[in-house]
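Given only the sequences and the hints, what does the whole structure look like? Please build it.
Protein chains: 2
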Amino acid sequence: MKDKIQEFKECIKEKKYLLASIEVLQWELETLAPKKGQDYLSEVLAYMSMKDYELSTSDKFQNLVRDLLQEKESLDPILQKEVEQAAEEMEKMKKIPAEEYRAYAELCAKNQGVWEEAKQNNNFQLVEENLTKIFEYNRKFARYLQKEEKNLYDVLLRDYEKGMTCEKLDVFFASLKKEIVPLLHKIQKKKKQPFPFLTSPISKEKQKEFCHLLAEYLGFDFERGILAESEHPFTLNINKKDVRITTKYVEALPFSSIFSTIHETGHAIYEQQIGDELVSTLLGSGGSMGLHESQSRFWENIIGRSFEFWKELYPSLQTHFTSLKTIPLEEFYQAINQVEASLIRTEADELTYCLHIMLRYELEKEIIEGTLSVKDLPKAWNEKIEEYLGITVPNATEGVLQDVHWYAGLIGYFPSYALGNAYASQLFHTMKQELSLNDYSQDKLQEVRLWLGENIHQYGMMKTTSELIREITGEDLNPDYYIEYLKNKYEALYQ
Amino acid sequence: MKDKIQEFKECIKEKKYLLASIEVLQWELETLAPKKGQDYLSEVLAYMSMKDYELSTSDKFQNLVRDLLQEKESLDPILQKEVEQAAEEMEKMKKIPAEEYRAYAELCAKNQGVWEEAKQNNNFQLVEENLTKIFEYNRKFARYLQKEEKNLYDVLLRDYEKGMTCEKLDVFFASLKKEIVPLLHKIQKKKKQPFPFLTSPISKEKQKEFCHLLAEYLGFDFERGILAESEHPFTLNINKKDVRITTKYVEALPFSSIFSTIHETGHAIYEQQIGDELVSTLLGSGGSMGLHESQSRFWENIIGRSFEFWKELYPSLQTHFTSLKTIPLEEFYQAINQVEASLIRTEADELTYCLHIMLRYELEKEIIEGTLSVKDLPKAWNEKIEEYLGITVPNATEGVLQDVHWYAGLIGYFPSYALGNAYASQLFHTMKQELSLNDYSQDKLQEVRLWLGENIHQYGMMKTTSELIREITGEDLNPDYYIEYLKNKYEALYQ
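Protein chains in written order, with the working numbering: chain A, -1 to 493; chain B, -1 to 493.
Treat the hints as calculated values from the structure; they're not laboratory data. A quick note: this is a predicted structure, and the numbers were derived from the prediction, not measured. Misleading hints may appear alongside valid ones.
The list treats identical chains as one, so a pair stands whether inside a single copy or across any two.
[Unchecked claim] For lysine to aspartate or glutamate, the following EDC-like pairs were computed, each having C-alpha atoms within a straight-line distance of at most 16 Å: (1) Lys49 / Glu328; (2) Lys138 / Glu214; (3) Lys33 / Asp219; (4) Lys11 / Glu41.
Laid out in structure tokens, this is it:
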């Protein structure tokens, strides 16, 4: 038994080396790899994925997992959870044929560059064929993996939010829609105040300087991480000692990089606070996507768009962004919380944000269900934007091509963002009862980080999201806290 | 036979994936990896090296190579050369025990960070133990690999300059010494003209801008490469479509980044011009280290410190480096060719440069021969600097810790730099007979690149350095061209 545990740990070590090389290659592809070198790095990445696949489906590893699973009561809790997870992944990998898995991984890696080109050239057709294939692979894989799920989309959801279903999501979105849409309409009737400084250009260098300072203020540890640039901001981690975030600097939209930085720093703080005892295991990373997004959205919105936060940091921002020199903090606060139907999800305000998610959820579900084709996706996208937000999409770059997710194979991911908002508000409700949050000084933010570390981050993947939410807040996911938070904030802002 | 060729090619493909992942990890370790994440990436790198080792020493691969070697007359020339090289490498790998190879690779990778810390803190002791181990491994490996070589150092030379020996190098350096030292003494007697603008600070941003422009002017293809920053400038390539160079920006030494950039661009142009038919083979990279250095030194010195080159680019430099606004081109030309005994090899002028190499050659040879210990290395270093250059080393940072080579396991590498200078002058002598080189406009530089591509670069590792030198120049390595070049240039400068 001891030998088997040792052998299992050796396999995991090897698996983690392969996964780390994949992360590094992914990082390179999305940040610095030269244009004409990307295809080869994608091939290398696909090779490493194949090696990981071979390891996970090898007789040796499968026997080890099976044997350890039979004795799982005698294992320590971490190892027990790790073996269970390995068994689950093993089953999944066994059901997907090796060559298909390899081809899919290569397709997704290669498609990053194609998507970037399509987006730059406002040309959906450049990427249509690849995207069709990606959706087809996802349908196929979902069929391989389908168990008790009623429909294929539920199978895909499993990867990002275990236990979530279309049925539950339909109810969830309906409840948000019911409460948020009337509030939105009320606000849209008010006269809009112009904030020209929001689009007054700031040099990339100045933005960069401030974003680094900002990440540090929030608690991002630069000895254990990097902040770089990419087309679409993201967080990636090798382990808690190497957590990498990106942002995008657009001179004419200087606040975009700021809120992206806060968002990704939220993800990074989660990863940097994982328990040390989990680092060398399969459980040494954040939990479900929804929970991960709850952390990024918590920092981005609940902290990062609050009056109290900017009370601390606004003077420093003013020295970097000279266009703010004459703007009072109160006006800045209103500007960064302005509600306005807009095209880009990552720049949407908190109120309209969920509508952006809802339409993505509906569209990807339809494609997976076979009631919509990828060819018709741009049209369907534009119609839904018109319907929900009342605005017209001028081009694919600002429409269906704006987010990398689908083009990187992330189907079923988007709902996590909406769930994340709801989790964040529910957790914040409890946090406020335990911490006195009158200001967001650096000391106070450390208290907040410690609270999150102790209640959530340290556990990595040891507990499910629903377990954590119940343990911390005393109840299951309840969208009312989110709705209440939005109502309180926006009724005060637009009274 | 056809099957065996196919299988061999599959193995090479896999080997190249592993090597590419190693290059990428190396790149990350030296440029962007967060401090506390370096140890783990070093472990991943060591794992990939081990996998490469396993592949190269596997029965399958060894049998393939042996079988193909027996039929080598029937193979096409590229495959034939590839099989020969694989056989050579295989033999080498078989002679070094697996665990020792792995431990050494990990040690070298991890030591990069230790060396950086030691250099930053001017503390040789921090790195002494690791360096002792690195030299011990090299002595041990040399013993494993020794064939007809008279001494261990000759075995190490084989990795960088096949066919070179201490005996030949001693003669080579003696001939340079005989001619260059008197010239140096003559120059040192002249009154030194001060050039304060050489140390007038230029912001990192401005240096960066110019270095990018400069690399592009020289012909570096940014669609197939990156220019980044690192502690010690270097070139690394995944393949000809992904060639990466670094420089280092020091505000108070603004010309350091410029000449490093030209030097590394010289290496990069070599790699970017390798023949397409070699890309997927083991031969798709530059030849011996000496030949590689001949390319970097050619661009850095023969082109990059010439009057004709700056005649083209000086106006642009003046707009970036405002301290040069009032400095005439003639004065700038004299300044960048000023002869002065100095501490740092990479910033040494062309005349004293070879003395820096000579002392490194002598010291590493002594350690390998066992007549000097690593513990006594800093003292021996300082004494030689005093002896050859007549100056005192104030600290280890500017002394024995300045170059990464030894600390990264590159023992026997330094002589390549001196050989590179000699090859470069000999090649330039021939080039001048074939091209009319009255100016270095962008068009003319393209002719130069094409000449180098056609005569040298396209062949990758298909020909040995001595073959190429003979074919192109009609004779063997002859240091007289180098001596003649230096005499002509410096006698004119210091008449």
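Here is how each hint holds up against the structure:
1. With identical chains, the CA atoms of Lys49 and Glu328 are never at most 16 Å apart, being 55 Å at best within one copy and 60 Å at best between copies.
2. With identical chains, the CA atoms of Lys138 and Glu214 are never at most 16 Å apart, being 44 Å at best within one copy and 47 Å at best between copies.
3. For a Cα distance limit of 16 Å, the shortest separation of Lys33 from Asp219 across copies, 11 Å, qualifies, whereas the shortest one inside one copy, 30 Å, does not.
4. For the homomeric pair Lys11 and Glu41, the shortest alpha-carbon distance between copies (10 Å) is at most 16 Å, but the shortest distance inside one copy (23 Å) is not.
In summary, the numbered hints that this structure violates are 1, 2.
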